[in-house]
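Participant: Sequence:
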Amino acid sequence: MAKIIIGKEYERAFESICRLVGSGCIPPEIVKSANGREIVTDAYTFEYAGDEKGLNVEGGGAAAAGMTAEGATWFSALRGKAHDDGTAVWLNLIESVAASYHKRYSLIEYKQNARKVSDAEKELCRRALENIAGRFFEDLPAVEVREGSREDGTEDIYGVSVRIELSGGTGAAVPVLAKVYFRRRGRRLYPLFEEEAKKIDEYLYEIIPSGDGGKKPDNSDASGTIDAVLGAMEDLLYGKTAGFDFTRCVCYSGEEDEKIVSELAEKVSHDNVRLECRQVSTLGISHVRWINSSYIVYSEQKPVLRATVGLNDSISLSCLNCNAGVLVENNRVSYTVPGEDGEAQERAVFIDPRKEDLGITDEQAEEIAGYSEFARHLQYVSCYENPRVAGGCTRCVCAAQQENLGSEEEPVFKCKDCPYPEVVFTDGSGARRYTPRLVFARDKMTMIDKSEAAVCDCCGRTYSKESMQGRLCPFCHSAFAGASDGERELAKKRYKRYAHMFSPFVRLKYLGKEKLCFEEEDVLLFLLGDDRYTFDKLSIGEYGYISKPHKVQE
Numbered sequence: 000m001a002k003i004i005i006g007k008e009y010e011r012a013f014e015s016i017c018r019l020v021g022s023g024c025i026p027p028e029i030v031k032s033a034n035g036r037e038i039v040t041d042a043y044t045f046e047y048a049g050d051e052k053g054l055n056v057e058g059g060g061a062a063a064a065g066m067t068a069e070g071a072t073w074f075s076a077l078r079g080k081a082h083d084d085g086t087a088v089w090l091n092l093i094e095s096v097a098a099s100y101h102k103r104y105s106l107i108e109y110k111q112n113a114r115k116v117s118d119a120e121k122e123l124c125r126r127a128l129e130n131i132a133g134r135f136f137e138d139l140p141a142v143e144v145r146e147g148s149r150e151d152g153t154e155d156i157y158g159v160s161v162r163i164e165l166s167g168g169t170g171a172a173v174p175v176l177a178k179v180y181f182r183r184r185g186r187r188l189y190p191l192f193e194e195e196a197k198k199i200d201e202y203l204y205e206i207i208p209s210g211d212g213g214k215k216p217d218n219s220d221a222s223g224t225i226d227a228v229l230g231a232m233e234d235l236l237y238g239k240t241a242g243f244d245f246t247r248c249v250c251y252s253g254e255e256d257e258k259i260v261s262e263l264a265e266k267v268s269h270d271n272v273r274l275e276c277r278q279v280s281t282l283g284i285s286h287v288r289w290i291n292s293s294y295i296v297y298s299e300q301k302p303v304l305r306a307t308v309g310l311n312d313s314i315s316l317s318c319l320n321c322n323a324g325v326l327v328e329n330n331r332v333s334y335t336v337p338g339e340d341g342e343a344q345e346r347a348v349f350i351d352p353r354k355e356d357l358g359i360t361d362e363q364a365e366e367i368a369g370y371s372e373f374a375r376h377l378q379y380v381s382c383y384e385n386p387r388v389a390g391g392c393t394r395c396v397c398a399a400q401q402e403n404l405g406s407e408e409e410p411v412f413k414c415k416d417c418p419y420p421e422v423v424f425t426d427g428s429g430a431r432r433y434t435p436r437l438v439f440a441r442d443k444m445t446m447i448d449k450s451e452a453a454v455c456d457c458c459g460r461t462y463s464k465e466s467m468q469g470r471l472c473p474f475c476h477s478a479f480a481g482a483s484d485g486e487r488e489l490a491k492k493r494y495k496r497y498a499h500m501f502s503p504f505v506r507l508k509y510l511g512k513e514k515l516c517f518e519e520e521d522v523l524l525f526l527l528g529d530d531r532y533t534f535d536k537l538s539i540g541e542y543g544y545i546s547k548p549h550k551v552q553e
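Under numbering that gives the first Met the number 0, residues 0 to 553 are what the sequence shown spells out, in order.
Quick caveat, the hints were computed from the structure, so don't treat them as lab data. From a predicted model like this one, the values you see are computed outputs, not experimental measurements. Hints may be right or wrong, so weigh each one.
Said to hold, decoys possible - Taking CB as the label site, the calculated pair distances span:
#1 451 to 415: 18 to 26 Å
#2 98 to 174: 25 to 33 Å
#3 247 to 121: 25 to 33 Å
#4 237 to 172: 16 to 24 Å
#5 174 to 415: 50 to 58 Å
#6 451 to 323: 34 to 42 Å
#7 246 to 421: 56 to 64 Å
#8 498 to 387: 37 to 45 Å
#9 138 to 415: 15 to 23 Å
#10 283 to 323: 33 to 41 Å
#11 98 to 185: 22 to 30 Å
#12 120 to 264: 44 to 52 Å
#13 277 to 253: 14 to 22 Å
#14 52 to 280: 20 to 28 Å
Idealized CB from N, CA, C, for every residue including glycine.
Start from the sequences, fold in the hints, and give me the full structure.
Facilitator: So, in structure tokens, the structure goes:
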């Protein structure tokens, strides 16, 4: 059995595996035994040596895992290297142990008991939601707030237990225990501020994890869930979560930990040094299906907004009109404004549900209305192009339900599901276009943009510019210049058939002159001497009778 020496760099990983094996969390198929100095598997023995560095297959040289000019050291064997330092085997063991633990002991599941909401809390929520709707949706008529179902207010809350090592600049770092909570919104995880997180933590401290008598949680995707939670934790630690700071989201596990942090903070303020966080270690992750209060905002009896109200009057608001977009997240409204230098600036404003003005200034309210998610939801669009709808069509839509059928310079926003072809025309390729800017092209037999069309000077029909012969359509141009002798003879006979359409005076006027008639499905073209007449087969006169042929003015 090969022996791999584990150097000091991997002390923490080695100890973690030994503790997991000792507590019975890892099956013998992965690790047969572990005693603090050795980890034994079917094929290898991993021995910890605190005075060594890197990894070393016994008898070979030590080499730390990492990147070299030739690539990753754990792929050295694939590049034909004779010496294998055992890194690939060691990393594979770590991954196997982690996967096994996540699958069997991934999350601590809590079950929340029903929480009664007082009438005062309900009234506060209703008033706050009415204030939000009135301030940011001024055009929204007949607003009414109703209490929603408990299922609508249920959400996933994840708690990350951490060990934080703090230092006041001198001496050894002091460890404290704490928790950071996240709530899931769709596919994203958002941190909870200390006030709300602390209330959830205090509540969970009074109950025990769900187990006997309850439905066993499904941990089939626990590994992916843990990765997502740890990823959100990493983003928070490194300041990548806009509007949230790690120090504002930490709730300490007990009075002793809070006392340690307070004393350190007081010490560094006197010594004029910074309080440093040396290390953050994850100890465990918990999960609870948290039941919040739920409210629905109606406009003219139609549900348009859903609000979830958690502990500490924390409001989250989402749009029901389009079922997409979070407008408020834990009282936080985030948005991006263009800067003076052209660079976009991310901002976040926190509303106070207890205040009539929501705790924001008029300037902040103006920015929120113009740049946040509020600007992309519940807008009223009116169309007057459709003669079939008396007074025009007015609908409440969101940005996701609209499309720009114009250009950036001249935008034309219309509903994506507009059913009226008089307003939105769908061509053969499925492209949707603004009908008033289109015209029917005779040669294309479909609607095209007016800028791409031209009108024949003779028959008055519209064709695409590419098919025009000068200022004439192909039909009229052929009648004037391209008709063969046979076609002209046929045109003479056709005139005799339609001559009765002209008055006796007109027929006498062209007596003795050549008279021709050319025909297409929807038009007749008469060449009488040097004059031209057209007859639209679809035309109807003022009193309902078919119109007479029309003389084309030169």
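Participant: Is 34 to 42 Å right for how far apart the beta carbons of residue 451 and residue 323 are?
Facilitator: The hint (34 to 42 Å, Cβ to Cβ) holds, given that residue 451 and residue 323 are roughly 35 Å apart.
Participant: So the hint says 33 to 41 Å: do the beta-carbon atoms of residue 283 and residue 323 match that?
Facilitator: holds, 34 Å
Participant: Does the Cβ distance between residue 52 and residue 280 fall inside 20 to 28 Å?
Facilitator: holds, 22 Å
Participant: Could you say whether the range 37 to 45 Å given as a hint is met by the Cβ separation of residue 498 and residue 387?
Facilitator: Given about 41 Å between the Cβ atoms, the range holds.
Participant: Taking 50 to 58 Å as the hint, is the beta-carbon distance of residue 174 and residue 415 inside that range?
Facilitator: Between residue 174 and residue 415, where Cβ atoms are some 56 Å apart, the hint holds.
Participant: Honestly, do residue 120 and residue 264 meet the 44 to 52 Å range at C-beta?
Facilitator: violated, 33 Å
Participant: Can you tell me whether the CB distance of residue 98 to residue 185 sits inside 22 to 30 Å?
Facilitator: holds, 26 Å
Participant: Check the following: the C-beta atoms of residue 277 and residue 253 are separated by a distance inside 14 to 22 Å.
Facilitator: holds, 21 Å
Participant: Measuring from beta carbon to beta carbon, are residue 98 and residue 174 in 25 to 33 Å?
Facilitator: Given about 28 Å between the Cβ atoms, the range holds.
Participant: Starting from the hint 15 to 23 Å, judge whether the C-beta atoms of residue 138 and residue 415 obey it.
Facilitator: holds, 21 Å
Participant: Using the beta carbons of residue 451 and residue 415, state whether their distance is inside 18 to 26 Å or not.
Facilitator: holds, 24 Å
Participant: Range hint 56 to 64 Å: satisfied by the CB atoms of residue 246 and residue 421?
Facilitator: holds, 59 Å
Figure legend: structure checked against the earlier numbered hints; the only hint not met is number 12.
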